[in-house]
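Q: Here the protein sequences line up with chains A and B, keeping their order.
Counted from 1, the first sequence has number 912 at position 912 by my numbering; the numbering is strictly sequential.
Counted from 1, the second sequence has number 329 at position 329 by my numbering; the numbering is strictly sequential.
A couple of the hints might just be wrong.
[What the hints assert, rightly or not] Using C-beta positions, here's what the derived DEER-type ranges look like:
1) A:LYS1002 x B:ASP190: 34 to 44 Å
2) B:TRP406 x A:ASP1082: 41 to 51 Å
3) B:GLY362 x A:ALA1069: 39 to 49 Å
The set of hints was computed from the structure by calculation and includes no laboratory data.
Keep in mind that this is a model prediction, so the values were computed, not measured.
From the three backbone atoms N, C-alpha and C, an ideal C-beta is built for every residue, glycine too.
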Amino acid sequence: MKKTMFKDTLRNIRKDIVSWFSIVIIACLAVAAYLGIRLSADSLRLNINEFYTDTDFRDVEVLATMLLSEDDIKALEANENVEKAVGIYKANGTLLTGSKEEEVIFISYDKEINTPELVEGSLPEKSDECLIAKDIADILGIKPGDTIETEENEYLNRTAFTVTGIAIHPDHIIVQKETPGKRYVMISDDNFNKEAYDNCYSAAEILLKKDADSNRFSQSYYDYIDECGDELDAIAKERSVIRRQEIIDRYQTQIEEKQTELDNAREELDNASIQLEDADKQIEDAEKKLASAYKQLMAKKKELNNGKAQLDDAAAQLSSGKAQLDDARKKLTAAKNELSDGYETILDYRDQIEDYLINLIQEHHIEPAYNISWVRDRSYNIDSSSLTLGNVALTDNFSVNLLSIGNQAQRIINWLRQYTEEVPEAEINAKLDEYQAYIDDINKWEDGHKEYLSSKKKYDEGMSTYNASYAQYSEGLSTYENGLAQYNKAYKQYKSKKSLLEKSKKELEARRAEYELGLEAYEQAKVQIEDAREQLKNLPDNRWVIMNVRGNACYVFTKTVSGNFISISSTFSLLFIFVGALVIYSTVGKNIDEQKKLVGTGKALGLFNSEILMKYLCFGLSSTIIGCIAGTLIAYFVFEKIILGQEQVFFHLKELRLIFEPVPVILVMIFAVVLAIAAVFLACSRLLKVPASKLMQGNVGDDKKRKKKKNKSKASLYTRLIFRNMRYDIRRVAVTVVSVAGCCALILIGLTVSHSMSSAADIQFKEIYRYSHLLNISDDTSEENREKIETTIKDNGGEFIRVLYQETVFQNDDELDSAPVISGDLNEISEYMQLTDARTKEPLKLSEKGIYIPQKLDESSRMGKDGYVRLYSGTMEPFDVEISDSYVLYIARIFLMSSKQYENTFNKEFVTNQYLIRMDDTRYEAIKDQIENIEGVKEFMRSTDRLETFDSFISISRFTVILMTAMAFMMAYFIILNLVNIFVNQKKKELTIMRINGFTVKEAKNYLRYEMIATTVIGIILGIIIGALLAYKIIVLLESINCFDRRIYVPGVLIAASVTAVLSVLISAYALRKVKKLKLSDIA
Amino acid sequence: MAENKRFTKATWEIMEQLLDVDNLDEALYGSLEIIIRTLDSEAGAIWYLDKESDRLHPIFHKATADISNISIENGIGIEGLVTKTGKSMMITDTENDPRFEPTVFDDQGLHTESIICVPLTNTRETIGCVEVVNKKNGEHYDEEELELCEHMAALAAITIDEKGLIVDFGEKKKVLATLKDITKSYPSGDGVSQVLKGVNLEVYENEFVVVLGESGCGKSTMMNIIGGMDFPTSGTLIIEDKDFSNPDDHELTMFRRHYVGFIFQSYNLMPNLTALENVEFIAEIADDPLKAEEALAKVGLADKADNYPSQLSGGQQQRVSIARALVKDPKLILADEPTAALDLETSKEVLAVIEDIVKNRGTTVMMVTHNPEIGKMADRIIKMQNGRVGSIKRNIHPLSAQELSW
């Protein structure tokens, strides 16, 4: 370029510096928006790839349901694509540190594949030393030098390890919060109990042969690992069969050995059975004898008892007779005493009579009275039957009969007469008559005495009988006692024999029990052997699971996050480029169009087209390239730094370095250069074809195409002019409309996508989840503990349903994937989860049969078309389940099925392990500890607790989208500013003409304003349509495994439209100030 | 020695102007210019006596001040005394010389410091006078310079006598616009560029004024100010007795809307309107406009009414531009080089339309042009020089457009 031309070029830029600067800014913003995201995505992937390369992150991990033998590992390593294959051990465990527990995986670490990167401390040197994952260290507060302990574990030889260092394992480069799962405790091989592993490995880690600079996130890498995966699949098919057969052979041998042992045991049991039968017979005889003896003893005892009863009767009778006798004796004694008293009285009377007689005799004695042997004896025997009042001796020779006292007077008189001559008969008679008054008493006494004597006689007879009976009783008693003694002796003997028998029986029972146990053990062994035979017969296939890097959650997370960036850059950001390109095109076009006279002059002066073009190429290229460079620098130093800074929190890596990936930058630069050149060529090509003279007249030559215009419209000329302006300058109008649409779309996309993410979470956690809390329990939680849980919830005003939650592996197109299956009463579940048909948006029709899949899975995989889902059991046994329907679910992927379907699918008993709970959150706080202390409870949480994890996961994407939205605002501002400026400048001459001719400022402004309004309104409408469509597309792209809110975000539409309109209005208002400042004199 | 040479040269130039003359007007004006240039004066005028009214009229003058509509009673003032007495007068100290009386230039804002006024005397009588005012270098006139002026005046008087000069003094014209000491400055780099340095001019109703001048002399700026397209930096602008010295935008817009029509060199038509619509566009906003069709017919383009500007020739476009200016029936039409881009015949067509407007519609047309030939059809020719009105020449006998040739 000639010096003067160069000067002219520079001055052309200086003259239209606003447009030039607009292009710089718009190119800068567009490139910054695109490259900022793109470079961040690339940089993230490169950082992670670098880490993976440094740590020899395995390309493939192989798992097998029958573990992997040394031969399997060798077979894998023998593959030509395999650089190295190592077997590793894994064992689940729980780390116990004070009050905290953490479930971890003990893993054998290798120094060639999946090498942990040390963050702190040193590598283990001894067997009892270990490295722990950073997550574990952070959660449990473990530092190098600490000792960690785990419970006894059949797979581990040791339960305590000294932590030598904290490390990042390549499997877990993301913080646990974002990629849940157990983290590793890395220990040496010798800590694993090889026998428990059947001398095999838990898994094999494989490093594939590849270029040193191979990128694990590139398509070529995916193609390569898929290709290698096919070859490894072939090995898997072969080796899995061999390994299975080895196991079958080994177990067959073991079964046969056990069968022999079982047969021997059977023989021994049979012998024992015979011995038992003999013993049984002996015991039976003994029992019979004892029974007979017992019978005899019982008879004897009965006899004794009878005798004893008789004796007791006799004793009772004796006692009764004795009592009667004693009573009689008492009566007799009383009667005797009474008789004695009576007799004494009689004797007193006798004495009185004697005294009288004595006196009488004395007075009239013949003989002295003293010569008479008067009976004065007072001894008598009442018991004597001779004692009678009929014969009361007065003297030895004379007795009186008191019983007939009246008659006795004569006798006495007679008797007296012997002794006295003078017997006072009358006196005597009188005297005796006195005694006549006592005759009844005398008679009573005499009767009483007689009765007494009679009773005495009876008594004596009774007494005699009693004594005789008593003697008999005594004799009987003696006999009885003798018999009893004999019985007791016999009974003792019986007891002794019986005890002996019982002992023998117990011994026999013990023997029998032993026999029974033996028999049971035998039967069990027999069943076991039968089961073993059956199991061996039905031994499932040895399934190998070959997982490439896409099977690693952290890798997928990184890929997803960076993929989201790429999605954003390839859609949202690309729109920046597109809109920017349009604006650059229109601005460059405008710059050239304004100078068409100059172009014509140049042509007239003999300049080559190339020389004319050069000036405008410099204008377009310089601004575009400078803008691109500035944009690239901003993208690299600002955006990439900010975004990587945001991402850093998710990664354990010490630092995510800024990496400059030249390819997209070069592509963008090439695009920018091509765009600028194309814009200049497009704008100039038309002009360069027009003759110089026409151009110098300001005529580009296409005006002849216009037809003469007859005014048929009823609209005012002013209105018609505005529409005609738009029609005749359709290219500018179109570019303006599309640019405004682009700005509006960019803002709408930003707002919609950002809202879509938040809204999805809100809908999921506030509308779909109709439960407030979630309680996970162990499958084996006892009924008692379940009851405790349920009672506690109910007592606190809560209600719940029970479901079974099971993390399940399923076939997602060609990859294995995992998602939870929730099964239970679907009607109940529908009360706790809003189940909406994904297609009809009506409530889901529930069926006992089949499985319900989430909407996103239905859309993103083939399963919806295939009509079934392939689920895998814990042993990787596949089950195909017919799909009933797909339902609306946003954040999570949950399969739903009825409990009946669950049992049919997995051939397992349906046991619930999760409660979906509705309760007041204040009660939750109150009972949380109480519930968590119930045995079997694993986790009691709010349903919204998982929202945080999701929020965190999408935060980068949302941040990026917000960043892009902010960029969109800026872009919109500059684009609208530029377009308005272009428009105002373009119309400057017409405005000046109008102003010169007396149009007011307002009228002149309106002349522009109406067109601006029209283009803005059309642009906004178009932008909303484009934005809504693109936003939908971007949302679907960003969704990954989730489903975001895809509905049109009406406030976003309003905001985007308002912002675009307000920006247009403000910028227009600002730009239209030029109308007032128009220098009318410039027109000449 | 140098002075002698200069004066001799000037004398010869004046003689060439006056003796070999086809056009007396031009000869007289040219002579005045020579004398002003030679004497390095700020202003100068040739006054002619109207014997009927016994008043002196400035038939030619060259100054920053416009005195063309002023007449002086014979015998009054320096010019009157010189004409009356037939004696030259040179005043070099106006402050102290008792003979000095303020001249019309003083009335128009030019302060007289030194003046020479000599009579135009033919063989029989004094018919007017010639005067020059103020030396630009601030010095005073001297006798030699007086003598040069007397030679020039004598020669001019003889020529007038020979050729005969008929001047139609007519009635005094009504002033449409008055510019007094109008200046216009623009920022330029670190300083200020003064484009108009004190313009004094009157524009009369129903006259055709042509403004001539070198590029950058301020003629377009002056026209812009008169047309309400620009503001004066200082000075007074009276239009139709209304002061527009410090107008607001609305006043100016209304002025342009209702009083002024514009014709530009580059036509400046609305590209997306047909010829008729371009005219209608303005008619729609004007008070009591002509019919657009009528306006277009007046410029002879009735048959091109539906053509877009790009479908018209330059002359046709300029005629549409004239029709657009005409349609609002303005008092003043300002035309800025309307024929610059046109060939002779087309230019004449356009000028004929303008001539017709002035003659038949009573409109004042002020036309800025580089083409002095066009000045021949003007009533007055104003020459702008270095931001001032250099001279104002009254065309004693304006030509018709068809008579022009270049």
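Q: Could you tell me which of the hints above the structure violates, numbers in ascending order?
A: 2
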